[in-house]
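Chemist: Which chain is which? The protein sequence lines are A and B, in order. For the first sequence, the positions run 1 to 649 when my numbering is used. For the second sequence, the positions run 1001 to 1235 when my numbering is used.
Note that these hints are calculated values from the structure, not bench results. Possibly wrong hints are sitting among the right ones.
Straight-line distance between alpha carbons at most 25 Å, and here's what the computed DSS-like set of lysine-lysine pairs gives [said to hold, decoys possible]:
| # | chain 1 | residue 1 | chain 2 | residue 2 |
| --- | --- | --- | --- | --- |
| 1 | A | K319 | A | K604 |
| 2 | A | K3 | B | K1002 |
| 3 | A | K604 | A | K329 |
| 4 | A | K354 | A | K325 |
| 5 | A | K3 | B | K1160 |
| 6 | B | K1013 | B | K1002 |
| 7 | A | K113 | A | K329 |
| 8 | A | K277 | A | K598 |
| 9 | A | K508 | B | K1013 |
Each chain, written out:
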Amino acid sequence: MDKETVVLSYDVIVVGSGGAGSAAAHAASRDGARVLVVTKDPIGCSDSKIAEGIVTVRGVAEESDSHEVLSDNLRLAGGDLPVPEITEAFAEDSEEAYDWLRRQGVRPRIDSKNGGPVVLPIALGGHSHRRSVSHDNGGLAVGHAAWNAVVQGDGVDYIEDSWFLDIVTEDGPEGPVVAGGLIYDAGEGCLIAVQAPAVVIAAGGLSTLYFPNTDTMRGNTGDSYAVAARAGAELVDMEQVQFLPFCLTSPPSYEGLLAGEPVTAGYLGVIRGADGKIILDSVMLRTRAECAAAMVRAVEAGNGTESGGCYLDLTANVKGERSAKYYVKFVHTAVSGVMVTVRQALGRAASEFKEIWEVRPGAHYCMGGVRVDAEGSAKALTNRHPVRGLFAAGQAMGGVFGGNRLGSTSLSEGPIFGARAGHKAAELRVKKMPEEKKSLSSEFEIALRSYLEVFGQEGDRSGSGMIRELQKAAWNGIGPSRSRVGLERFLRQVADFRKQASSIAVSKESIWNQAFIDYVEFLNMLDTAEAVAVSALNRPNSLGAHIRMDGGNTSVLFTKPYSVGVFHAKSGGLQTCKLNRPSTPWSTLLAHAYHGLKRRLELKILWVLPLALQDRIVEKKFRDVMGSLETEKPEAERKVSNGEELEAA
Amino acid sequence: MKVELAIIRGGEKRLVPFEYAPREEGERPMALDVLLQAQATDIPDLSFRYGCRNRTCGLCTVDINGRPRVGCRARVREGDQLSAPSTLPVVRDMVSRRDGIARQLRGRVPSTLRGNDLDVEAPEDYHALTACIECYACLDNCPMHARNFDQGIERRDENKAYTSGNPFSLLKLQRIRLDPVATREDANKALNAAIELGIDACYDCPGCKCGVGIDLKRKVVKPLVDASKALLSED
Ligand SMILES: Cc1cc2nc3c(=O)[nH]c(=O)nc-3n(C[C@H](O)[C@H](O)[C@H](O)COP(=O)(O)OP(=O)(O)OC[C@H]3O[C@@H](n4cnc5c(N)ncnc54)[C@H](O)[C@@H]3O)c2cc1C
Ligand code: SF4
Ligand code: SF4
Ligand code: FES
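So that you can see chain A by itself, here it is in the shape it has in the complex (with noise of 0.2 Å):
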């Protein structure tokens, strides 16, 4: 590194760019906030533009559909993990998240008859109200949003191809304060120390760690944890790493990617075994984790095919004349990217849901991350404090899913809590800049050196190379299966990567060091893989997206919910604690349960009707709430080319 340290400085730095980076900026600099975004892909390059682009909205649909309804919903999908008042927020603002959005661009197709946005006809699994809004080009319609919000110039600076490597905080009488960020540019080529008060990480999620069985953004090495924890704050629900039920096997190049959401498994989709057995019905009633965990434990079982996988069987939903082109209809305007990718991927008769399409869990979003409040500051135990000044939103929090994450809540989780912690970190400005920089503090000094050194380092190992290897054991030990030998096995390998570290070679180039940015990003991802392990084996019973083969289930009537905090120790080692949380009400549980049972009955009568019958309920089903498709009009020109013409030409 042969270049001089640049030194800046702002009231709000935000890392990331994604829907809950842009949100945060964009509501920090609306208070007066002079903010820097940085992000390591160019702006808006993250999930929230290659989402399927579904939003959860409040109300949109039915009146009935009140906050305590949604906010039970997250709770109870969750295990009893959610913290209520950050539910409740995410409740009381979805609408407002989603009118944000739309004032960044968002353009829902429009029902003529209630005047908003339509809304898809069927709810998805564990939402008991219809309330999710889909977009035409899918999570691109978001992507366009955020990086709008930030690149649009009224008082948010950004930089991209630059690496947020750590905040550096000082030693206030109440504990740590943030005095600000050290950041690699990596397109200048040279370090970066940026002096602020706040930092809002919206960095995104982990699943890089299970690489290839994942469909989220290669960014996601776990960054957002990684940063916060070492600066000194406590992360929660970190064993729980959701695994999408239906991701794609092969071919190669498409392995882990999204193949469907249970509700697009329609009112007859289910999933069977090698053997051709069925070992899950009603997969549309379903949540994700109840589906991932029916297929991890068929294939412990010896029931899974040669990938380790099992068949997601769609096929009864077209043997109906009638009722087939309303599914058809269905799963195309709920999820038309998959669509697309399945049928590149699979071929046509695959995606004509006349095969059967064969499919395995894959990493997908991180439910646990940093503990903090329902504005977004970070919290702390009461005998320890919180790090002043240091913020999280979106995948990057924790306390919001739990133990599992409804379909199309991630996109409304990103613009509230974004836009919320930007308010609050922008309450934190100076009023008055000072005229002259300051000089660099000695802790901003210690920081800087210790990655300085790093640049020349000597060693036969790579970065890239060690990545591969955590990769393979996250699967394994990590992954959606899991038992304490298996964890403690994970956490020694975790031990000796660590030492291996110090010998990946890494040049002394300024510009685009990849050794440099392979070297942290494997740090990163090794910090969040000890944090999710020794989370794991604090929940010896399975739980949510957490499956335990050595353990039972844990029933949420007969135990009281808790939560596993970890954090740095100040002797060095992670540590963990408990976190009590309140238990939803018998009544509502019950009533929850009824529901659920009466719904299922339904469908499993209709699995047993003759054909011709089942067609016609099936038909009426969805005619009731997609209204009939004999009177509509052909669309012209809707779809805009997905890539599979060009493939072609």
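Place chain B with the ligands on chain A using the hints.
Modeler: Same frame as chain A, now just chain B with the ligands:
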């Protein structure tokens, strides 16, 4: 399968042969598969961009035999050469510096749209333009974008933004003009920005091509050219 990778470091370019080992019988790998395998074997510190592996994030664009392709969905053939997108300055290996493109829209797009009721239907073309994944494949052979490198000198302003435009920037501007929630003023500002960025280059250009098949000629260039001519003839 043998291919060639253009390895560019410290301004020096080497053509490195790479033998791709198919992962299943008859595999026709994508450019991204080749790069991932090269990183896992011969060149551990190979630099390349990617994100979604699913033609959506727009990051993985590389040149195959000199033409930009979306790497995660572009199949590679025996003897192909992979290199960084040549329409922008190369930073290292397959990575080009892209940030000067988006920056030219700073101050030219509204920070919040306030022109209408939110529950209003957008025209079909608005959705068509939203399909843009920002892959920058359309920069290839664009005479307007070439102005930024006229006589080998890179032209960026004090914000590091390129001073001349490109099809992507025009798409973003036209999208504002189509947005029913934008104000008249926003739309006029967008048109003026297109003029400032050099829409005149489009007047007698055969037209641009989009990496994901958006009809740029008809949906972006033509309406902007027509409107700019009308506006300029008013003055
Ligand atoms: C295929 C797919 C489909 C999905 N579909 C839906 C859906 O339909 N509905 C829904 O609600 N959710 C969906 N999700 C989930 C949702 O997209 C994400 O959870 C959500 O977008 C996360 O938003 P975020 O802002 O927290 O993080 P992201 O959008 O992932 O943004 C993270 C940002 O942080 C930056 N970053 C990371 N590390 C660093 C660092 N060290 N330094 C600087 N910058 C850094 C990245 O460059 C990026 O800009 C989907 C996800 C996937 C993968
Ligand atoms: S217009 Fe097309 S080619 Fe240009 S950036 Fe957008 S998607 Fe890529
Ligand atoms: S029509 Fe305009 S934008 Fe398109 S390639 Fe020609 S000069 Fe560039
Ligand atoms: S990796 Fe995202 S478009 Fe290719």
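Chemist: None of the hints should be skipped; say for each whether it holds.
Modeler: So, going through the hints one by one against the coordinates:
Proposed proximity of K319(A) and K604(A) is supported: the alpha carbons are some 17 Å apart, at most 25 Å. The hinted pair formed by K3(A) and K1002(B) fails the criterion: a straight-line CA distance of about 38 Å is larger than 25 Å. In summary, the hint linking K604(A) to K329(A) is supported, as the alpha carbons are separated by about 23 Å, within the 25 Å threshold. Restraint check for K354(A) and K325(A): the C-alpha separation of about 13 Å stays at or below 25 Å, so the hint holds.
A distance of roughly 19 Å separates the Cα atoms of K3(A) and K1160(B); the hinted pair therefore holds under the 25 Å criterion. Proximity of K1013(B) to K1002(B) is assessed by CA-CA distance (about 19 Å); at most 25 Å being required, the pair is judged to hold. Between K113(A) and K329(A), the direct Cα distance comes to roughly 20 Å. Compliance with the 25 Å bound is thereby established for this hinted pair. This hinted pair checks out: K277(A) and K598(A) have alpha carbons roughly 24 Å apart, not beyond 25 Å.
Distance hint between K508(A) and K1013(B) is fulfilled; the C-alpha atoms sit about 19 Å from each other, no more than 25 Å.
In this structure, the one hint that does not hold is number 2.
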